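Novice: First to last, the protein sequences are chains A and B. The opening residue of the first sequence carries number 1 in UniProt numbering; numbering runs sequentially from there. The opening residue of the second sequence carries number 1 in UniProt numbering; numbering runs sequentially from there.
Hints are supplied without guarantee of correctness; some may be wrong.
Simulated coverage check for chain B against chain A, where a stretch passes if three residues somewhere in it have a Cβ under 8 Å from a Cβ of chain A [to be verified]: (1) 92-105; (2) 108-115; (3) 130-140.
Quick list of the computed label-pair ranges, beta carbon to beta carbon [to be verified]: (4) Thr243/B with Asp94/A: 16 to 26 Å; (5) Asp130/B with Arg398/A: 21 to 31 Å; (6) Asn296/B with Val39/A: 41 to 51 Å; (7) Asp382/A with Asn296/B: 48 to 58 Å; (8) Gly242/B with Ala87/A: 44 to 54 Å.
Bear in mind the hints are in silico, worked out from the structure with no lab data behind them. Bear in mind that the values here come from a model prediction, so they are computed numbers and not experimental data. Beta carbons are placed, not taken as given, at the ideal position from N, Cα and C, and that holds for glycine.
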Amino acid sequence: MKINHLLKVICLSGVAILGSCSSDDDTPDTGLTAPATYVFERNGETTVSFSGQTTRIKMGEEILNAFKTETLDEATIDAMFAHVEGANDFSEADLNASDKSVRSKTAASQDYFSDNVTDANAIKAEFDAFIKGQVDEVFPNWGTTAVAGTPGVIQEAGGGSDRYVNAKGLELNQAFNKGLIGALMVDQALNNYLGVTILDQTNNSRADNDNEVLVDGKNYTNMEHKWDEAYGYAYGTSANTANPNPTIGDDDSFLNKYIGRVEGDPDFAGIAEEIFNAFKLGRAAIVAKRYDIRDAQSAILRRKISEVVGIRAVYYLQQGKNGLEAGTVDFASVFHDLSEGYGFIYSLQFTRNPDTNAPYFSRTEVQGFISQLMGGTNGLWDVTPATLQSISEAIAARFDFTVAQAGSTN
Amino acid sequence: MKKLLGSFFVLMLLASACSTSDDGGEAGGDSFDRAAMLVNFADNIIIPSLQKFSTDITALDQATTAFTADANETNLLALRTAWSNAYLSWQAVGMFEIGKAEELSYRNFMNVFPVNAGNIDANITSESYDLGAVAAQDEQGFGALDYMINGLATADADIVAFYTDATNGSKYISYLTDLVDRMNNLTTEVLADWNGDYRATFVGNSGSSATSSVDKIANDFIFHYEKHLRAGKVGIPAGVFGTQTFDDKVEAFYKGDFSKALFNANLDAMQDFFNGKHFGSNATGESFKTYLDFLNTIKEGEDLAEIINNQFNLSRTTASGLDDSFTEQVRSNNNLMLNTYDELQKNVVHLKVDMLQAFSVRVDFVDADGD
């Protein structure tokens with residue numbers, strides 16, 4: 001019927017009108033315009049560089065593959081995680097030659113961990129334990145049918161995927177993967193490179209940027225480069241790194257992927273653009289030496305990227321809850337969802353609330369959620385829908401979204 | 001004043017149309033007789049389809065009993081015919097994953113393909129298996145029967161030999177029997193629920209909340225169309241979702257020349273349901289089509305119900321050029337499979353976006369993560 005069309009048009013224009021009026025997230029008129037793409041140049045040459053981030057994302061991908069290669073031993077995967085320059089850990093020569101390592105940047109941000117090596121070491125050890133558990137517990141049971149208390153393989157409904165879980169029903173590769181989004185990508189971007197300590201105070205960064213003093217042998221200032229390194233953790237493997245949103249979600253298994261997933265939920269459509277715009281405008285602000293604008297963009301990035309983590313945590317808990325409430329429970333799918341949820345909950349401790357400068361959930365609070373999730377004798381085999389609901393609500397309550405919004409993708 | 005009221009009305013509509021996401025249990029925004037549509041679905045389509053299917057399953061059961069009592073080529077052919085008949089009528093039933101069927105996960109226990117032949121062999125040999133396990137869904141149902149009566153060997157005599165083998169024959173007989181028993185039991189349970197309390201529950205739940213029958217059956221219909229008809233029967237074998245084609249991931253792979261017939265049966269059943277066509281007759285009743293007609297839903301100047309029917313017809317015409325065996329088609333000219341997929345895909349948009357929007361129904365399923 002025609003009125004439907006009319007309504008669509010009005011709704012759309014309503015959104016446009018509302019969008020243009022409500023500007024709480026956007027910096028008021030600054031006289032500064034971000035470029036259309038993430039392209040910044042000096043003397044006709046690019047000033048953008050984040051190859052170290054691209055390298056670590058690629059290393060992360062290979063580690064994820066290793067989690068599914070049951071013939072590997074612990075030392076091999078440990079070496080991939082804590083790569084040293086020149087070691088033959090990866091399939092790609094460039095990665096082997098690199099002096100970068102994933103483990104050294106895990107829970108390693110300036111703002112959260114420079115004076116908290118106690119937690120930093122404990123977190124690194126937790127990732128080591130995911131590897132060890134996979135090799136010691138799951139690999140030997142690759143052909144065993146998993147039941148409560150027994151690790152092994154469990155198949156999803158409909159002749160679906162095989163899921164390999166530990167004795168508590170947890171897929172350790174998912175815990176590692178989704179946990180690393182927080183401990184590496186989010187922590188490094190939000191709590192290291194977007195923080196004023198790194199941007200302004202380290203290596204005379206602020207003064208050098210004011211005077212356009214370039215890093216030795218490079219075409220960028222220190223501050224420009226630090227901002228780019230944050231950018232690289234979101235878009236380091238994008239098909240087009242200058243204009244990443246056309247393929248957002250398809251470019252890695254980490255932060256990029258889940259910005260894309262959240263963008264795909266109409267409740268949050270536009271978030272990918274907000275994040276990209278904030279990165280662009282912040283970088284333009286550094287070039288223009290408008291640090292107030294830069295810091296406003298940093299706050300947006302901290303809020304929105306933290307939200308991605310929170311939304312996905314609740315999403316997977318809700319998917320798991322729906323699965324548990326079905327007439328015929330597909331435990332493999334439920335465990336897969338809850339293992340992803342486990343990783344995103346774990347990642348909450350690395351989020352950054354720009355209003356408090358603290359994570360949305362402390363490490364202690366995260367540990368509380370994890371023990372609710374895994375605390376039954378047989379872990380995920382015992383968790384109840386009520387528990388999943390209560391964790392979901394507790395998480396959503398501290399963010400600006402509802403359980404219902406995060407729980408669906410429609 | 002009238003004008004003012006008019007624009008106030010538009011504003012109200014606007015407000016309700018724009019504020020979406022959390023639909024509560026409020027009544028539908030239109031006066032279409034949803035209850036009459038549900039009655040037509042239940043009494044003239046779903047229950048009669050299930051009854052016919054149940055009859056065919058009973059015949060399958062009897063043919064199995066005859067074959068297991070006397071395993072010979074004649075009885076194998078009879079069993080195959082009974083299997084074919086039931087498989088065809090299943091195509092009019094599988095989309096109704098609601099009520100008891102949803103609770104039991106009926107479709108996944110009846111018709112997952114491809115089946116895992118290695119696991120089936122292991123089940124037979126070990127005589128240790130639990131067909132009630134979700135992980136065993138690809139070791140049972142029509143696809144497993146396909147393997148058991150068409151796939152064990154090329155020549156019929158060699159297939160029969162598995163069942164007459166002095167050492168292992170009894171194991172094959174008992175697995176075959178268990179498979180058919182389970183299909184029979186599940187079907188009995190689903191039909192009994194419709195014949196019992198569920199029909200009234202289904203028809204009575206005629207509101208427009210996310211858990212109302214109209215919302216659920218519309219979602220079930222589209223989910224089946226998208227996941228099982230479009231993807232399962234055509235897209236996956238044609239390699240739409242991967243980097244290669246899968247000539248072995250077709251329905252009734254071992255039978256070989258049956259996948260197109262099953263596809264057509266499902267396509268027909270889905271279009272008939274859309275049009276509210278009574279099972280086994282040309283009469284029609286209230287349906288998604290009449291609901292769209294009632295709302296006078298126009299898309300780009302055309303009648304949406306007609307667009308959808310035209311697209312169903314176009315899909316059928318395109319598929320008519322396919323080989324009886326989709327395996328053969330994938331191997332010889334996969335482009336024709338892809339063309340069919342493209343036509344099927346066009347109706348996903350019409351059904352899932354345009355039709356559901358017209359009905360104010362929210363999509364209640366999510367696309368799998370893919371990881």
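Novice: So which hints don't hold here, by number, going up?
Specialist: 5, 8
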